[in-house]
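Novice: Here is how the chains run, residue by residue.
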Amino acid sequence: MNKVPIDEILNKVNGIKITHKRKTRIRVDVDADSLPTLLELIKGRASYIHLSAITCVDWIADNQFELVYHVWSYEEKCLISAHTRIDRGSESNPAKYVSVYDLFKPADFFERDIFEMYGVTFIGSPRMEKFILTEWNGVPPMLKDFDAEAYVQETFKWTDYNPDWLQELTDQGGGIAVKPEDIRTAGNTHNMSTHRERDKAKAAAVKANEKMQGWKQ
Amino acid sequence: MKKINYNDKGSILNPLKNLQFYARKPVTEPLGPRPASASYRGFHINDLDKCIGCSSCQKICDNAAITMVEVPSIEEDASKGLRNLRPAIDYGRCCWCALCVDICPTSAIEMTREYVHVCDGDETDSYFIFPKETGIHGDSFEKGWTKTEDSDLLDRARRPMGEMEPEARIDNFDEIVDGFTMEMAIEEASRCVDCGLCEDACPAHMHAPNYIRSIYEGNLEQAVEWMYETNPFSHVCGRVCTHICETACSLGHGEGESDPIAIRWLKRFAMDNVSKTKIKQIARKGKSRKKSGKSIAVVGAGPAGLTAAFDLVKKGHKVTVYESLPKAGGMTRYGIPNYRLPKDRLDQDIEVIQSVGVDIKYNVKVGTDISMAQLQKDNHAVVMAIGMQMGRSTRIPGSDNKMVVKAVDLLRMIPKGDEFNVPKSAVVIGGGNVAMDIARSLARLQKQKYNEVNITVSALEQLGKTFLADDDEVIESKEEGIVILDARGPKQCVIENNKLTGLETVKVISIFDEQGRFAPKYDEENLQFHEADMVVEAIGQMSDVSILGDELTEELEWNRGRIQIDGNGATSVEWLWSAGDMVKGPDVINAVADGHRVADDIDKFLNK
Amino acid sequence: MRPENYQAVKLGQSNEYEIFIGPNHPGIEGNYAFRLMLDGDIVVSGKADAGYLHRGFEKLMEGRLWIQNLAIVPRICVPDPAPMEVAYSMAVEEIMGIEAPIRAQWIRTMQLELSRVAAHLFTFGGHAATTGMYTPMFWGVADRDLVLDLFEDFTGGRVYSIYNIPGGVRRELPPEFLQKLSNLLDYLESRQNDYDNLLFTNQVFVDRAKGCGALTQEQALELSVTGPNLRACGLAYDVRRDDPYLVYDELEFDIPIQTAGDAYARILVRRDELFQSIRILRQIIERLPSIKGKIRTPIPNPLSWNVRKGEAYARVESSKGELAYYVVSDGGDKPYRVHVRGPSSMHAVQTLEFLAKGARLEDVAQIMFSLDACPPEVDR
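Quick note, the sequences are listed as chains C, E and A, same order. Taking this note's numbering, the leading residue of the first sequence gets 148, the next gets one more, and so forth. Taking this note's numbering, the leading residue of the second sequence gets 1143, the next gets one more, and so forth. Taking this note's numbering, the leading residue of the third sequence gets 2, the next gets one more, and so forth.
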């Protein structure tokens, strides 16, 4: 069989954008409509038979999900990552996409995973059901609008310690100043508000003290 | 390697061959903990003296295991960058990844080879530990994972700042420092650990971590926005600030070669690369739309006065600034030479302040052209921010000669363009930055006029030890051909036939007495004569408080020659506040901080 | 699922009955359940039930700084944690457009191969145990411990090395380390006869393992089976050779294959691979001292480290098969998305369900362990 260059095969798909990232990595961007055709083409005509993974990325700002199909060819020794974007949907109208189970059996696992973690329904996938989080009734947890940190803070209780050394420091007027949660719940580490608040309080105390001892009183 | 064929059936006898183990020596392991390896990540120790409380360990901890606790017995000093916070570790969360060790700017926190801790269910408090020089159980253990040059997560070296060569700069007043390029600035900004020690140290509490972060992200306008929250003199401070922030910087506390972030140069970079129009827009942000109907007079258009005016105008008050000189800026214009602070930069800062609505009246001398009483009558409040414009005298014999001059007077004459006779040789008395400024300015003028430099600086302090001027100033002065004589006290100005011939100095034995008071002791035998056409005194400045008028002077309370103020800058007279050098001593950033403080207090007073 | 939430399958008039393997079972490397429908002792169908080890790593990683994730990733697979750190670091490096210094790449390769040795020893023991032989299990675990001693020596941690960092590795090798490594390799080779006698050529084991859980090459490819499991079906495919990373293209090694595709073929492939790893390590011992230079390419201070926009799919060959990290950055100080493609997610779910069908109950544990599936790679 004559070997057809991969670009030629890929270019049969309408509106495709091909990026050769390096020797063993090709990124292609296609419409959601053309993706199944693309996968069929590269599997049937270019030996890309190994579905390495399907990744879902939640681009919440664009209100879209990005689906990435990583397909490997044992003969070409190359990985094609096919990117496509679908509408993110809403709680009442969840995102939908077609399954590629008929092309790649392992899609069963990956699609079920994405269904569970992102709430995307794959039409034609054999097992659109819960798998890992069988007892979870909240929103799909990998969505960017699910705040895992907040959930943990609400659900679990931190252990309160009161060792002797801490008691001693508290008696001296010191003790716990900045808890790790204070920094974490601020959402990012570039927030020194905790120190600022503390310093402000201190400065106020100093000021008050000065006034007291000042000549005005 | 022996091949095994899949089709071989194996043998039932093969396992029996291992009966030979009965003849082998049994493997025995001793009970009790085995010593851990030399780089083991075991329990933590923390050198409480090295630790500065910067909290980087807490921020890098991926398991939120580190709580910062306040230890009152430890010294806290914002200007040195010392907090009394120390890390305490929750071993219920720690995963012993040692990122805290590798990020620690001062290498204070380290790990030992100790790894056994057993406790009962009701002893969970023992999981929360406060590491000191000894580990979890108070025992000394050998160190395990410590920071190495490879594992250090911080970049210790500052990006070098380009400077004009001495030959190129000596005959002109062009700015010496090149400034960062975008790439250098981003690299320099990327070193910041965001500990906020700089912010604590800064008298005006500039949000340095925030603007450094914005610069790192390439968002210079955002950076400038952060700066204008606290400092309308950002161009000036980006060039000549005394940068206490850099002294406090946690990176500068590191062992060995470890440079603090070049916070001042980063500020300069951001200011230089945002357009004036944009800066004006930024400066206007947060200006009150409502007019309060109150008016305030500010005496002196220096950093303190203008900062107070800037704040008050933004709060909706009407502010008039009275300046005796033809241009605004105070000491930053008439005290700092152009090669350190180009005047167009200062002009821009002032233009921005004016654009917000501050009205400056030039060439109006309060006390002569308009009296304090008049100001009080016309306004709801008055701010005195006249700075320190009179040089102090050494009062040594001969210092009343007309060729013995004060540094501040000379420095004022140069930017004004006043003519004076440039001396062929001069001696400067004093070892501070003002002494360096005048020495280097005179050197430039000499080079222009006579093509050679002949300046000697004579200072009480010892170079490299107690010397007052910045190291950079000393290095650059020497490069420019200035001779610095340290540890020498002035004895007399030698006058022959009413003409100055030079200065006689003696060796300094000590500067302070046992109580720490200024009382220099000299070795009178060790005399030296320095020939000079001019002697410049640069030993300090004071305020010209005569403008207050007798009545007001009488009414005010005083403290060692300065007006007595409270923490907010209010004087004992209800309508009068005072700010800046005249009450706090010479420093731009302190003046700016003072301006804010006074403005806040006046606003509160007016809204009562 | 929790016992109180379990509802028994209603089977009506059938002879079939339901049985759980796991979630705590020595037949699998971790907590994982497998629900079987049995007719007599023949499996009618099996259903994988995951979730007992779900710690939400992918979600956690989105909330942590790039560098903080280094402490998390090795936890995804306990028996073979090194490939996790390396793959994550490689993905981040690719996005940043930097490369680890050559010496660091050699050290990483050494770490990966050592980890493979440890993981295979563990698997030998586990596989043997599922056929009722416990001595190889003790041996496997004890010999793995000697490898862990070396990890402790050069990485500072026995199991979770946390030794890699985007841009290189965190620490230089301690003095005399290569000599210690060489001694260990000598020891492991000296153990070959013991293992062969007790396990690989033990007729009891051979009879049990042959024909158990056989997979044809076509089936394996269809199910995206990779690693030793695929090589046991006759396809000589190895990411190390076919999509080379680090310094594998400078090393000589063979890719052992078997054709039968059953449990015995799989463990023989692993046995041969162990010795290939020893061969690779010997080459590293020889070459590493002459490779001088830095071990880290500098990265910005990790607290203010924004990785530029981009994505990368980094693949490595772990002891279980093709391990991949898909990392997406939106230019922020934390990853926007990290997807962990563990080889076991293919082996422990669909492949296991497929192989269990028609097998006898006593073989199910062996099938599970012979696939060397690591449940946390499924749960993540």
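Hints should not be assumed to be uniformly reliable.
No farther apart than 27 Å at their CA atoms in a straight line, the calculated lysine-lysine pairs in the DSS-like style are these [claimed, not checked]:
1) E:K1422 / E:K1469
2) E:K1507 / E:K1420
3) C:K277 / A:K181
4) C:K170 / A:K310
5) A:K211 / E:K1151
6) E:K1460 / E:K1663
7) E:K1607 / E:K1566
8) E:K1503 / E:K1746
9) C:K326 / E:K1192
10) A:K211 / E:K1159
11) E:K1144 / A:K211
12) C:K326 / E:K1159
13) E:K1145 / A:K211
14) C:K291 / A:K358
15) E:K1503 / E:K1460
16) E:K1436 / E:K1507
17) E:K1663 / E:K1633
18) C:K326 / A:K181
19) A:K211 / C:K326
20) C:K243 / A:K60
21) C:K224 / C:K159
22) C:K326 / E:K1420
23) E:K1591 / E:K1558
24) E:K1144 / A:K60
25) C:K164 / A:K211
26) C:K252 / A:K358
None of these hints come from the bench; they were simulated from the model. Keep in mind it's a predicted model, so treat the numbers as computed, not measured.
Novice: With reference to the structure, classify each hint as holding or not holding.
Specialist: Going down the list of hints, with the structure as the test:
At most 27 Å may separate the alpha-carbon atoms for a hinted pair to count; K1422 of chain E and K1469 of chain E meet this at roughly 20 Å. For the given pair, K1507 of chain E sits about 34 Å from K1420 of chain E by alpha-carbon distance, which is inconsistent with the 27 Å threshold. Using a Cα cut-off of 27 Å, the hinted pair K277 of chain C and K181 of chain A is violated, with the two alpha carbons roughly 49 Å apart. Annotation: proposed proximity of K170 of chain C to K310 of chain A holds, straight-line Cα distance about 21 Å (limit 27 Å).
The straight-line distance between the Cα atoms of K211 of chain A and K1151 of chain E is roughly 10 Å, inside the 27 Å bound, and the hint therefore holds. At roughly 53 Å between alpha-carbon atoms, K1460 of chain E and K1663 of chain E are farther apart than 27 Å, so this suggested pair is violated. With a CA separation close to 31 Å, the supplied pair K1607 of chain E and K1566 of chain E exceeds the 27 Å bound. The hinted pair formed by K1503 of chain E and K1746 of chain E meets the criterion: a straight-line CA distance of about 26 Å does not exceed 27 Å.
With a CA separation close to 22 Å, the supplied pair K326 of chain C and K1192 of chain E stays within the 27 Å bound. Distance restraint check for K211 of chain A and K1159 of chain E: the Cα-Cα separation of roughly 22 Å lies within the 27 Å cut-off, and the hinted pair is therefore satisfied. Between the alpha carbons of K1144 of chain E and K211 of chain A the distance comes to roughly 20 Å, so the proposed pair stays at or under 27 Å and holds. Distance restraint check for K326 of chain C and K1159 of chain E: the Cα-Cα separation of roughly 62 Å exceeds the 27 Å cut-off, and the hinted pair is therefore not satisfied.
Annotation: proposed proximity of K1145 of chain E to K211 of chain A holds, straight-line Cα distance about 17 Å (limit 27 Å). The suggested pairing of K291 of chain C with K358 of chain A is violated, with an alpha-carbon distance near 39 Å, which exceeds 27 Å. For a cut-off of 27 Å, the pair hint linking K1503 of chain E to K1460 of chain E stands: about 14 Å separates their Cα positions. For the suggested pair K1436 of chain E and K1507 of chain E, the alpha carbons sit about 23 Å apart, so the restraint of at most 27 Å is met.
A threshold of 27 Å between alpha carbons decides the hint, and for K1663 of chain E with K1633 of chain E the separation of about 12 Å falls inside it, so the pair holds. Of the pairs offered as hints, the one joining K326 of chain C and K181 of chain A is violated, with about 43 Å between alpha carbons and a cut-off of 27 Å exceeded. Taking the CA atoms of K211 of chain A and K326 of chain C, the gap is about 58 Å. The hint is violated against a cut of 27 Å. With a CA separation close to 22 Å, the supplied pair K243 of chain C and K60 of chain A stays within the 27 Å bound.
Proposed proximity of K224 of chain C and K159 of chain C is supported: the alpha carbons are some 21 Å apart, at most 27 Å. Between K326 of chain C and K1420 of chain E the alpha-carbon distance is near 39 Å, which puts this suggested pair outside the 27 Å criterion. For the hint linking K1591 of chain E to K1558 of chain E, the alpha-carbon distance of about 18 Å falls within 27 Å, and the restraint holds. Only pairs whose Cα atoms come within 27 Å are accepted, and K1144 of chain E paired with K60 of chain A is rejected, the gap being roughly 47 Å.
About 49 Å separates the Cα atoms of K164 of chain C and K211 of chain A, which puts this hinted pair outside 27 Å; it is violated. Between K252 of chain C and K358 of chain A the alpha-carbon distance is near 17 Å, which keeps this suggested pair within the 27 Å criterion.
Of the hints listed earlier, those the structure fails to meet are numbers 2, 3, 6, 7, 12, 14, 18, 19, 22, 24 and 25, in rising order.
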